[in-house]
Every structure is written in structure tokens, then in C-alpha cells.
Amino acid sequence: MRRTLLLFATLVVLWTIVAQLNHELAGRRVYLFAGALFVAYAALTQPRRAGLFASLLGGILCDANSAVAFGTHTLLFAVAHVTVFQVRDRVPRDDNISAIIVVLLTNLALFLVFSFSQIHRSPAPAAVWPRLIADLVCSQLFLVLVTPWFFALQARTLALGRVLRDDPA
Amino acid sequence: MFKRFDQARPFVTLLIVVVAWLLVPTTLKTFARASFFELTAPVTVAADYARVLREYWSLRLHSQDELIQAGRDLARLNASFEFGVQQNSELMAEIARLESLLRLPSFHDYRYEHARVARRDFSGWWQRIVIRKGRNFGIPIGAPVIFSGGVVGRVTEVHASTAVVELMSSPNVRLAGVVEGDALGRPMSFQGGVNATLAPPTGVVEFVPLDVHAPRKLVTSGFGGVFPPGLTLGMIVRAEMGSDGLFNSGEVKLDERLGSLTEVTVLVPLGQQEAVSDKR
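Line by line, the protein sequences are chains A and W.
When the letters of the first sequence are read in order and numbered with our numbering, they come out as residues 1 to 169.
When the letters of the second sequence are read in order and numbered with our numbering, they come out as residues 1 to 280.
These are computed hints drawn from the structure, not numbers from a lab.
Glycine residues also receive a C-beta, built at the ideal position from the N, C-alpha and C atoms.
Where hints are given, some of them may not hold.
[Stated by the list, open to error] If you only want the chain W side, here are some residues facing chain A, beta carbon under 7 angstroms, derived:
#, residue
1, L14
2, I16
3, A20
4, F36
5, R119
6, F122
7, W126
8, R128
9, A160
10, V194
11, T197
12, L198
13, G245
14, F247
15, T262
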């Protein structure tokens with residue numbers, strides 16, 4: 001429980017930072033999507049149940065602050081979490097580069113699935129793609145910069161909360 | 001057998017989560033959504049207060065000469081606005097006189113609630129803002145929101161001290177508009193559209209009469225009773241024959257300032273407010 005709450009607290013910090021950046025970038029019509037960061041650390045390093053609950057809470061947090069059907073982020077994050085969790089034994093988890101690659105791939109998948117689920121609302125769906133691709137490129141660049149810091153933040157938060165990294169919750 | 005089940009265990013957990021989510025009653029989901037929004041609302045509002053403080057300190061850096069000049073400019077503006085207010089009250093009196101003479105139904109009355117924008121959220125999928133006033137100021141769902149450049153959008157969610165406004169550039173917003181100066185007042189359908197990167201927001205307009213050519217100013221029609229008539233929506237910059245051959249379809253360029261709003265005005269319908277207070 002403590003592990004899940006500590007992870008959720010770091011997700012609130014992440015949400016705040018991304019929301020503030022998006023606020024500042026609104027005038028330039030650029031939007032950062034960092035869905036993978038809500039999932040990656042918990043899926044790569046944490047026990048199954050506690051990590052999944054943290055990802056679900058992160059999904060609900062994003063759902064509550066977006067104009068989508070409630071549960072869209074939650075279910076997407078759950079699927080992403082389970083998929084990353086399944087392959088985590090095959091990637092070097094403590095390596096920054098591999099963590100960044102996992103985050104980038106997960107974010108790409110989440111972004112595309114999310115876009116396909118939302119694009120039907122637009123009056124000209126085909127015309128929206130250039131904007132979405134620009135947003136995706138910016139988001140991926142942002143993730144490259146921020147992933148090592150955010151992973152370190154989550155690890156340090158758990159350490160401060162005296163939660164051992166791989167202990168079953 | 002057990003090893004294979006162990007490998008599939010995360011997916012079984014996922015299946016359980018999905019089934020549990022589907023079985024959760026809507027009331028509980030609505031409650032969870034509102035709770036999580038309220039959880040983040042203080043963060044949003046605190047960030048905005050920090051922004052106000054930053055602006056204040058940056059303004060403190062201005063020299064006295066600049067402040068004197070700004071004061072002089074404001075005095076000029078005030079003088080012209082005072083004249084405008086006088087003209088407005090005369091026109092209002094004239095409208096009231098004509099309404100009583102011709103026995104016309106009167107326009108909706110609104111209370112103007114000015115609110116600061118706490119958060120802007122402009123993705124390719126939706127565009128919305130969070131304002132720093134909610135139930136505590138009697139903001140109702142569906143209330144129109146305007147700014148000096150025309151229509152901003154419509155209130156879609158109201159929380160304890162904040163409210164969410166869906167912007168007119170969002171594909172989720174549809175409303176009826178008319179071309180300014182069209183004597184026949186022929187309505188057309190406006191919908192938020194594509195918001196390209198580093199470009200002004202746009203919308204699309206359908207059912208444009210064939211004799212209406214770009215560029216023309218599109219304003220609210222007043223039909224439906226939500227938005228008062230005559231508020232600026234945008235400029236029709238392109239109108240082409242639609243696929244049915246009966247109407248044109250076109251593109252509307254919206255105000256560029258929609259992406260950098262800091263203050264907006266919510267029009268709270270007075271009749272509705274009175275009805276709410278009567279119920280209480």
C-alpha cells in the first residue's frame with residue numbers, strides 16, 4: 001500500500017509538470033503526451049500488484065483531467081503496464097538507455113492507440129495527423145530528457161519511504 | 001502447465017481489472033472522476049497563483065516612466081470606454097422601449113462573471129481551459145464563455161472552486177452561426193476543427209448558403225438560447241461547394257489569442273440562477 005501511494009505521489013508530480021508545460025506551450029499549439037512515464041518505472045522495477053495499482057491510479061488521474069470517456073487512460077495504462085511487465089526480464093532494467101527506449105516505444109504505442117480512439121471526433125481526421133505527429137515528436141524528445149530524472153525521482157522516493165525495490169507489496 | 005499459467009498471470013490480472021472496471025457502477029466512476037479532479041485542483045490553482053506572483057514581480061521591474069506612460073494610455077482608453085458605456089445604456093433603453101412597443105420577447109439577461117484561466121490544455125484531440133471559479137460563484141454547466149475577441153467556448157464541468165471550459169476550437173463543440181450583416185439571418189453549422197502546430201486555431205463551417213463568399217465574419221446566431229446573438233466566432237477564410245451541391249462548406253479562422261487567454265468572462269443566465277435560488 002505504501003509503495004503504491006509513494007509511486008502515485010510521484011505520478012502527481014509528473015502530471016503537474018506536464019500540465020504546466022502544456023499550459024505554457026498552448027499558445028504555440030504544441031502538446032506533450034507522457035503517458036509511458038506513468039507506467040514504465042512501476043512496470044519495469046516494481047512487484048506486479050503494487051505497480052499495476054500505481055499505473056491504474058495514474059490512469060484515473062489523467063482521465064479526471066481530460067475530455068475523454070472515464071477509463072480510457074486507465075485501461076490503456078493497464079494494458080501497457082502488463083505488456084512491459086511481461087518483457088521486463090528481457091531488458092536491462094538498470095540501464096538508462098534501455099529504460100529510455102522502453103519508455104519511447106511504450107509512449108509511441110499509447111499515443112497511436114489513443115489517437116485512433118479519439119480522432120473520429122474531428123471533422124477532418126486526415127488533416128489532424130500532421131499536428132499529432134508534431135506533438136508525438138515533441139513528446140518523445142521531452143521523454144528522452146526527462147526519463148532518467150523521473151526514474152531517479154521514483155527510486156529515491158521509494159528509498160525515502162523505506163520501501164525495498166523488489167519486495168512483494 | 002503451472003509455468004504456463006505463471007507466464008499468463010499478468011494478463012489474467014489485466015482481464016480481472018477490465019472486468020472489474022466494466023462492472024463498477026457509473027455513480028462510482030463519476031465520484032472517482034470528480035474526486036481525482038478535486039485532488040489536482042489545488043495544484044492547478046496554486047500554480048496559477050505562482051504565475052500571478054511571477055507577473056507581479058516582473059511588472060515591478062518596470063521603470064516609473066513606463067508606468068506613467070501606461071497610466072496615460074489607460075486614461076485615454078477609460079475615456080473612450082466611458083463614452084461607450086453611455087452609448088450602450090442609451091441603446092439598451094431604446095431596445096427595451098422597442099420590445100415593449102412591439103411586444104417582442106426580451107433577450108436573456110446575464111450576469112458577467114470574470115474568471116482567471118488557471119490551466120490551458122490544448123491537444124490535437126481536445127482544447128479546454130480550467131478557470132478559477134466554479135460552484136462557489138454559481139457557474140452553471142453549459143454557460144457561454146467569452147472574451148474581448150468573441151466566443152471562448154462553453155462550460156462543460158463545474159467543480160467546487162474551478163470549472164472546465166471546452167473551447168470553440170475543440171472538435172467537440174458545435175454551434176449555430178450566421179454571417180455578420182446577413183439580413184435573412186440564415187444559420188450555418190460551426191464546429192471546432194484542426195489546430196495545426198504554430199498556426200492559429202481553425203474551425204469548419206457547413207451549410208453555408210451559395211451566395212456567401214469568403215472572407216466574411218461569422219457571428220453567433222442566438223438560436224438555441226445559449227449564446228447571445230452577434231458574438232464573434234471567427235472569419236470564414238474559405239468557402240467551397242459542398243459534396244451535396246446545395247451548400248458551401250468552409251474553413252473558419254479563429255482568434256489567435258484563444259491559445260494565450262488569461263482572463264475570460266462567463267455569462268451566467270440570470271433566469272437560471274433565480275430558478276436555482278428558488279429551489280433552494
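### Task
List, from low to high, the hint numbers that the structure doesn't satisfy.
2, 3, 9, 13, 14 and 15
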